[in-house]
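Visitor: In case you want the letters, here they are:
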Amino acid sequence: MSIEQFDQYVTGMFANETVQPPAGAEDALFQRMNKMRKRKRQIQAMGAAVVICVGVLIGAHVAGDSQNGAAISTDGSRAIVPSTAIMATDEIEPVPQHENLSQPTSAAAESDLTVASDPPPAGNDFSNQDEVNLEEKRSPLHQIDALPATTAAYDSGERSLQAPEEETWVLPAVVKVKD
Amino acid sequence: MNSEDVDLIERCKKGHAQAERELYRRYSPMMFGVAIRYSNSRHDAEDIAQDAWVKVFRYLKSFSENNSFEGWLRRIVVNTAITHYRRQKKHTHHLDIDEVYATPQDLEAFTESDYNKEEIEKAINALPNGYATVFKLYVIEGFKHKEIAETLEIDVNTSKSQLSRARKALQVTLLNMARIAKKKG
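Just so you know, the sequences run in chain order E and L. Quick note on this note's numbering: the first sequence kicks off at 180 and runs consecutively. Quick note on this note's numbering: the second sequence kicks off at 12 and runs consecutively.
Note that these hints are calculated values from the structure, not bench results. Among the hints, a few may not be true.
Cross-link-like lysine-lysine pairs, in silico, PhoX-like; alpha carbons within 20 Å at most [stated by the list, open to error]: (1) L:K193 - E:K219; (2) L:K24 - E:K217; (3) L:K25 - E:K214.
Only chain E is shown next, with the shape it has when bound in the complex:
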């Protein structure tokens, strides 16, 4: 028998050889597979949670940084507030400004509305009536300017001006009488 014949003889013997696996092997395999897949899903979920947490932390950090240097106004735009101003407001007692400002502001708004509803002046000549209209247009601002200042700085200044009236100042004086 040649080598090739021997090889073919052995190959033919073992070709399509099958052995039935033990009964519990199938269930054992699929239980193991399920455990592995479950663990994989858990790891993926944990990974996603970590990514979300990191994202939230970074977002909070960025938001914190922006709040230190900028205040967000009601219309969504950001107004930069100098840090010195923030420090100053901390020292000043809060003053209810809205009550004082509400009345003139509404009046100003009304006057604004009246001005806007006025018909435009005819012609190109700039008459006295136009000057009056301009004055009326300016008036809301003037009214605001004319309001009594109610800031803490003003209050403190007023208190310093009023202080001398309450105290009695005694100055040392030497009176010399000439003969």
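Mind docking chain L on chain E? Use the hints.
Guide: Below, chain L without anything else, positioned relative to chain E:
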């Protein structure tokens, strides 16, 4: 590969649990047969076959339908068995046995009708592990020397020389078995 297998594999790739069980039932006898061939015990073969199946389902998405599915499965089992024994350091592929030469008279006397499958199997298992592995990979599984060299991490020439020695050793073993049987008879 028939269309039924292609459909089954596609369903497995999509993660259908029932298809996976069907695939297992269809190919597990072949897989277990290969695992037993490369293991020292039935218990080891069970471990090897299970590990091989886990790999099959893990890497099934990378399998291309243009290739032989059965060949792919065989390779996975063989590689798993080799890795298993390499890890346990029970298996050595470098041989240290005495040279065995079959005489021309022995080869002439060797006829296929003298031996059945069990005797051949016994003779193969009596070979040193390295000889037996190369012989089984080449003759039974149909691996090329290059593939054997890659699988066992040996040189191609080493694979060729070990196969040649394995053949001779196997024939001598079989003749000795026949002589002993004759004496007993």
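Visitor: Need the status of pair K25 of chain L, K214 of chain E: alpha-carbon distance at most 20 Å?
Guide: 19 Å, holds
Visitor: For a C-alpha distance cap of 20 Å, please report whether K24 of chain L and K217 of chain E respect it.
Guide: 18 Å, holds
Visitor: Would the hint linking K193 of chain L and K219 of chain E be met if the CA-CA limit is 20 Å?
Guide: 61 Å, violated
Violation of the numbered hints given earlier is confined to hint 1; every other hint is satisfied by the structure.
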